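Novice: This is what each chain is made of:
Protein chains: 2
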Amino acid sequence: MLSSPFVQRVKLALSFKGLSYEYVEENLQNKSHVLLSSNPVHKKVPVLIHNGKCICESMIIVQYLDEVFAGAGPSLLPADPYERAMARFWAAYIDDKLLSSWMTAFRGKNDEEKEEGRKLSAAMAENLEEALRNKPFFGGDNVGFVDIALGGFAAWVHAVEKIYGIKKFDAAKTPLLAAWVERFGALDAAKAVLPDVDVLVEVGKRRQAESDAAAAAAAQGN
Amino acid sequence: MLSSPFVQRVKLALSFKGLSYEYVEENLQNKSHVLLSSNPVHKKVPVLIHNGKCICESMIIVQYLDEVFAGAGPSLLPADPYERAMARFWAAYIDDKLLSSWMTAFRGKNDEEKEEGRKLSAAMAENLEEALRNKPFFGGDNVGFVDIALGGFAAWVHAVEKIYGIKKFDAAKTPLLAAWVERFGALDAAKAVLPDVDVLVEVGKRRQAESDAAAAAAAQGN
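Going down the list, the protein sequences come from chains A and B.
The UniProt record's numbering applies: residue 1 is where the first sequence begins, and numbers increase by one.
The UniProt record's numbering applies: residue 1 is where the second sequence begins, and numbers increase by one.
The hints are simulated quantities; they were obtained by calculation from the structure and are not laboratory data.
Predicted model only: the values in this text are computed from it and were never measured.
Keep in mind that the hints are not guaranteed to be accurate.
Same chains, same names: a pair is fine if it fits in one copy or spans any two.
[Said to hold, decoys possible] Listed below are the simulated DSBU-like cross-link pairs for lysine-lysine, each with C-alpha atoms no more than 30 angstroms apart in a straight line:
#1 Lys135 <-> Lys53
#2 Lys114 <-> Lys135
#3 Lys173 <-> Lys53
#4 Lys97 <-> Lys44
Using the sequences plus the hints, can you model the full thing?
Specialist: Structure follows, in structure tokens:
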């Protein structure tokens, strides 16, 4: 699942920390025994297998990597407890709030719900913008925990713009986020692992077509 | 908001770590300037104010306390990175999965949805049961991060049983969880801060009546 933003987070963390690994692609239509046994609760990617132990959930994996490989590459979480708490706060905000508003904006039941999702995601982006005030990255001068959390969506931001003509981060309303997407995506460690935008465009178009077909079938009562 | 399970988590963490604090009650119908300015994003309790800095979101506060007061009382998160990842995994599971199934079971739109929520929450409790295998607490011999996450609901488990006659943790299906609720609630540090069950019963009955009235009004098209 190269297209998964959650898989991309783990790849980004590995890349920024300069760690080598073996990547195993998973077919979610026909999940492997390895996936089902290594993540029996959620049965989802990504899963990190390290020293024979399985770690699940993208941001939990990122924290694990940061703790186990504390000496490798830059620390993703800051040393100061308050700054750590703030990093966890914004990473959770991305998952709990921003992401769900994006889903509503693109997968809402009708145009009204989608419009509501777009408004909500714009308001949420404005909140998140505050966390970038006066610094190039959420982590400060360097990429940190929140950059990885949002970075998983960096390639998708461009793909969505190509498919729908919609900028997830409006340069007029959230200029810092709009600039961040470009700045983050230009980093060598990000370029090394972020998927090709055109591939995501194809994935996105296919999903939209499937979603439209399902909605049409539901409307016909099939 | 003494009745909030999220507030109770923070009080539990403070109690188990033996930390003293000033508790300020908040009226959520008329939120104070302090709350609105200290948690401008979510505008929710709990908020921890420490050294003039505001930390929000219950489990982020618990981690903050564990890091800042590493020398005070027992550590809530284990030292081993894999064990830490597992503790974070189950704490997130309680918030993302178990809690939302409970909400559906009690606040579902109709009886069908409520029944679905009850089945789901039973299945999720069975998953969580595995994390208690062969140990008295999620943290092992002592209370840890996951015990605090679930412990915030310990008094509510009893209140719900009194109101609805429903055991959230069925002794037949999830005996370890059923025993854990009793074991956890009997600890001095928990008893010191968990709210009185009868008070929660009154809160729960009032909310149910409000919810029923709102549903009846909606059904009449008001």
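Novice: Give a verdict on every hint.
Specialist: Against the structure, the hints:
Taking the closest pair of Cα atoms, Lys135 and Lys53 come within 30 angstroms of each other only across two copies (20 angstroms); inside a single copy the shortest separation is 37 angstroms, beyond that limit. Proximity of Lys114 and Lys135 under a CA criterion of 30 angstroms is satisfied in neither setting, with 32 angstroms inside one chain copy and 47 angstroms between copies. In this assembly of identical chains, the alpha carbons of Lys173 and Lys53 lie at most 30 angstroms apart only when taken from different copies (28 angstroms versus 44 angstroms within one copy). Proximity of Lys97 to Lys44 under the C-alpha cut-off of 30 angstroms is found in both arrangements, the shortest distances being 20 angstroms within a copy and 14 angstroms between copies.
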